[in-house]
Amino acid sequence: MTTLRELLSTPFVTSVTAVQGPDGGWIRRAVAPELPGHTFDHESPWAAIDGLVDGTPAFIIDRLRRKVPVPVARPPLPWKDVESVLREVGLEAWIPYLDHDVDDLPESPGEPG
Amino acid sequence: MVLKQEDNWMLTSTNPGTEMGELFRRFWMPALLSEEIPAPDTGPVRVTMLGENLVAFRDSDGEVGLVNEACPHRTASLYFGRNEEGGLRCVYHGWKFDRNGTCLEMPNEPTEARFKDRVRLRSYPTHEANGVIWAYMGPEEDQPEVPRFEWMELPPSHIFVGKVEVGCNYMQSLEGDIDPSHISFLHQRIDGQVDRGSSREVRAGENLRRFTVTDTAPKYFCVDTEYGFMVGTRRDAGTDHYYWRVTPWFYPAGSLIPREAGTLQTCLLRVPLDDERHHLFGVYYRPDAPLTEKERYEFQHGGNLFQATIPGTYKPTQTIENDFLRDRSEQRAGSYTGVKGIAPQDQAVTVTMGRVADRTKERLGTSDTAIIYARRSLLREAKSLAKGSPITPSRRRDSYFLRGVAMLLPRDEPFDVAALEAMDANGPWNRDVPWAQVQAVGEGASGT
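From first to last, the protein sequence lines are chains Z and L.
Quick note on numbering: this note's numbering labels position 17 of the first sequence as 17, and the sequence is numbered without any gaps.
Counting the second sequence from 1 gives a position; this note's numbering is that position plus 1000.
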């Protein structure tokens, strides 16, 4: 069994590349190579990393709701304050589900798993 | 987007009462070298850390005390104190304190008043290992285990520990420690060779560094760990492999420099004196063999890796005042900088940013990924602690038992997982280990 807390405590690799934006200008793209499709573009690499990291819980939860598996790339960091992370990104409604099996998560918080 | 001024202040201010200062105080940090207080009852020495003026002394039992410099009576300096019979005595009125700050004697007050029982001298716990005296300056209830770095457990013959004062905020130098793209320039030679300076033998065996010459725009990958984070710097190395330099970065300001199997390991620990100066504690060691006489001589006399200091001090001979002894003819002849030595080369570019760099004026690129990651991590933890939340790093003793590694890995393997065995300080460290036998193949494999 893998819990939501474990997945949200799992560190994922972060990298930043330079890519050409739609207007032809160069921007920075923060990527999480282990979470295909999870990227964040910004002119500033700092803001790109911010966007990527802040968006990671939502990306993971969205995949789980759609029953798409999330890779457990490496052991979770068990002392990570996941509750605070969820509050900071406006996902506190998922806090009651942190210790639920990820296979039993509801489509939205409040619904039975 | 650049760093906001208030975040730059927070990042760089470690004095008492600051957010970052509180974070630093949750960790054990090197305070001084054992050689500074070589024997019981020798004279106390001044120690400045995190903006606090302290004195260190070795008492009659050989144990180390680290206490506030100001006597609690009239704030006279205990640096002038007498270190005698189990305590440090203020020369002004004879008040005497043991290494834990307990007042033992107060000879100018009536004995029956027991005033001495109500007076304490602020003191910090210390731990001594392999030539370094560590201190913990945080709240007693949050005191972690002393970190277990590999070099702390090696025979003294295997290590060299040096200390040098650097004339800038700790963060500028720390950022250099996790900025591997600069080695393709700052520490290079214009003829495309690695600048080994006077230390050709010390640095022999670093065969893979040739890829820092051929690939000057590496890719950076960062991943959180229980001690901080890991930086993987990836360069092309033939058709099947990448050349990875994997740097473990430790809270609050430490790192292990990536090295190839069998070569010298390097641990860099940076400790603020105040906001405008810091000490670099550099540890160079061979995990499974003594340093050679040549290596030790070079370290002690300022070779390419560790720098010369003014005798009797920990102040470097190459400073901003003398332009780090830059030699323009050397610069024309092949040295990229004209500055001799890796550390002075680093300082020539970090100290000259100013005592505290103004990060609001920077233009950061993708090559600054690890630097951004370090700043974000420190600011996140400092702000979290200020709000009363627990900090993320585990501070678990064994989590520091690692090595920094430079190696070839197959292109399809995640660097941190594939490098795990090589990074484990319990494993062998010689050129015969299987992971050091990997050869680059195909186009670009020669690194020329």
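None of these hints come from the bench; they were simulated from the model.
Warning: the hint list may mix true and false statements.
[Said to hold, decoys possible] List time: in silico BS3-like cross-link candidates among lysine-lysine, alpha-carbon distance up to 27 Å:
1) Z:80 - L:1315
2) L:1361 - Z:80
3) L:1294 - L:1004
4) L:1163 - L:1315
5) Z:67 - Z:80
6) L:1361 - L:1383
All figures in this text were calculated on a predicted structure; none of them were measured in a lab.
Pair hint residue 1361 of chain L and residue 1383 of chain L, alpha-carbon separation not exceeding 27 Å: 23 Å, holds
Would the pair residue 1361 of chain L and residue 80 of chain Z pass a check requiring their Cα atoms to be no farther apart than 27 Å? Given that 27 Å is the threshold and the Cα spacing comes to 33 Å, the pair is violated.
Straight-line Cα separation of residue 1294 of chain L and residue 1004 of chain L no greater than 27 Å? Judged against 27 Å, a Cα distance of about 47 Å means the pair is violated.
27 Å limit on alpha-carbon distance, applied to hinted pair residue 1163 of chain L and residue 1315 of chain L: 9 Å, holds
Has the given pair, residue 67 of chain Z with residue 80 of chain Z, been kept, meaning a C-alpha gap of at most 27 Å? 25 Å, holds
When you check the alpha-carbon spacing of residue 80 of chain Z and residue 1315 of chain L, does it fall within 27 Å? Judged against 27 Å, a Cα distance of about 40 Å means the pair is violated.
When held up to the earlier numbered hints, the structure conflicts with 1, 2, 3 and fits the remainder.
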